[in-house]
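Per the UniProt record's numbering, the very first residue in the sequence shown carries number 1; after that it's consecutive.
Honestly, the hints are just simulated from the structure, not real lab data. Values in this document were obtained by computation on a predicted structure and should not be read as measured data.
Cross-link-like lysine-lysine pairs, in silico, DSS-like; alpha carbons within 30 Å at most:
#	residue 1	residue 2
1	Lys-148	Lys-186
2	Lys-147	Lys-291
3	Lys-148	Lys-114
4	Lys-215	Lys-147
5	Lys-274	Lys-291
6	Lys-239	Lys-175
7	Lys-251	Lys-175
8	Lys-262	Lys-186
9	Lys-262	Lys-251
10	Lys-274	Lys-243
Now the in silico label distances, taken between C-beta atoms and shown as ranges:
#	residue 1	residue 2	range
11	Gly-105	Ser-295	19 to 27 Å
12	Gln-143	Glu-104	32 to 40 Å
13	Lys-114	Ala-217	17 to 25 Å
14	Gly-248	Thr-269	26 to 34 Å
15	Ile-107	Gly-248	52 to 60 Å
16	Gln-143	Pro-259	30 to 38 Å
17	Gln-143	Arg-246	34 to 42 Å
18	Thr-108	Ser-170	33 to 41 Å
19	Ser-295	Gln-161	30 to 38 Å
20	Lys-251	Lys-148	38 to 46 Å
21	Lys-291	Asp-257	34 to 42 Å
22	Lys-274	Pro-238	17 to 25 Å
All C-beta atoms, glycine included, are put in the ideal place defined by N, C-alpha and C.
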Amino acid sequence: MHGDRDDRPFVLLTTQPLLGAPAGAPHPPQSVTGRVLVQPPSPTGRRRQCPPPPRTSHPFRFSRAPRVAPSVPCLPPSFSPPPVPPPYLLLSLSIMSTNVVWHEGLITRDARAKLLGQKGATVWLSGLSGSGKSTVSVELEQQLFAKKVLSYRLDGDNIRQGLNKNLSFSPADRKENIRRISEVAKLMCDIGVVVTTAFISPYTEDRDMAREIHKAASIPFIEVFVDCPLEVAESRDPKGLYKKARSGEIKNFTGIDAPYEKPPSPEITLDTSKQTIAECAGVILTYLTEKGLISSDPKEEAKPAKDLEVAPAAPAAEAEAEKVPAAV
Numbered sequence: 001m002h003g004d005r006d007d008r009p010f011v012l013l014t015t016q017p018l019l020g021a022p023a024g025a026p027h028p029p030q031s032v033t034g035r036v037l038v039q040p041p042s043p044t045g046r047r048r049q050c051p052p053p054p055r056t057s058h059p060f061r062f063s064r065a066p067r068v069a070p071s072v073p074c075l076p077p078s079f080s081p082p083p084v085p086p087p088y089l090l091l092s093l094s095i096m097s098t099n100v101v102w103h104e105g106l107i108t109r110d111a112r113a114k115l116l117g118q119k120g121a122t123v124w125l126s127g128l129s130g131s132g133k134s135t136v137s138v139e140l141e142q143q144l145f146a147k148k149v150l151s152y153r154l155d156g157d158n159i160r161q162g163l164n165k166n167l168s169f170s171p172a173d174r175k176e177n178i179r180r181i182s183e184v185a186k187l188m189c190d191i192g193v194v195v196t197t198a199f200i201s202p203y204t205e206d207r208d209m210a211r212e213i214h215k216a217a218s219i220p221f222i223e224v225f226v227d228c229p230l231e232v233a234e235s236r237d238p239k240g241l242y243k244k245a246r247s248g249e250i251k252n253f254t255g256i257d258a259p260y261e262k263p264p265s266p267e268i269t270l271d272t273s274k275q276t277i278a279e280c281a282g283v284i285l286t287y288l289t290e291k292g293l294i295s296s297d298p299k300e301e302a303k304p305a306k307d308l309e310v311a312p313a314a315p316a317a318e319a320e321a322e323k324v325p326a327a328v
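Using the sequences provided together with the hints, build the complete structure.
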């Protein structure tokens with residue numbers, strides 16, 4: 001120690017601000033705490049000072065730097081984009097279920113057809129509301145039943161009360177409506193049932209999707225265009241829908257403010273304004289017979305339910321029934 005001089009070793013710390021101080025700003029003097037010497041940053045140091053942030057109206061908000069578009073390398077002349085899948089496959093490509101495997105049973109489709117004496121097929125009736133789709137499908141079901149052909153009818157209004165009650169009449173929901181029905185019909189046809197569907201199905205793209213679903217499963221698909229002039233269908237108006245559509249109560253109603261795309265090449269075309277319902281159903285029945293989907297051999301007509309014989313109750317069951325007190 002010589003006078004006030006302190007020769008003990010010390011640690012020198014040099015501070016550097018995160019954001020550069022404005023030019024000419026005064027620096028705090030050096031300070032010594034114990035044996036730690038704190039030295040302010042030197043304006044002439046080698047470290048580059050960061051520029052001050054841009055001033056904005058808000059003290060804690062900074063303006064963004066201008067965006068620079070990234071450079072995109074040029075594609076070679078031989079490059080060609082991948083093909084776009086058909087519209088009817090777009091929904092199939094959007095598969096949400098993963099890690100699933102198809103489980104094949106031991107009973108084949110041919111074995112079921114031999115058991116039932118018939119082959120499954122879908123008769124797809126399409127047309128305007130009021131064209132007669134549902135009425136023709138009901139008549140066809142009766143004629144098939146009379147020939148002992150197992151069939152089932154899928155009606156648009158009925159399906160929307162259960163399976164598809166969460167769907168609207170927008171183009172996207174109409175597509176999903178048709179897709180679900182197509183899958184249901186395909187499963188029933190795989191059993192060996194002749195399925196008749198009665199749906200407006202106004203878009204060609206959606207009907208092609210239904211056909212493709214059946215084609216992929218090797219199941220016959222018969223498209224039936226129930227042709228009927230709009231004025232005739234509107235004059236029938238069994239549900240009062242055309243009247244509501246004309247008054248604006250119903251939006252997106254086919255034939256009024258939504259289009260109906262006529263099938264370009266259906267297997268069968270019916271005109272319910274000129275043909276009777278029985279004649280229309282007979283045309284479809286003849287087509288199914290000619291294509292070998294149902295037997296052409298004459299069969300005994302099925303008896304109505306009221307004429308069916310009921311087996312007599314067993315004696316023990318009758319005695320037990322007599323002990324039950326009569327309802328009050």
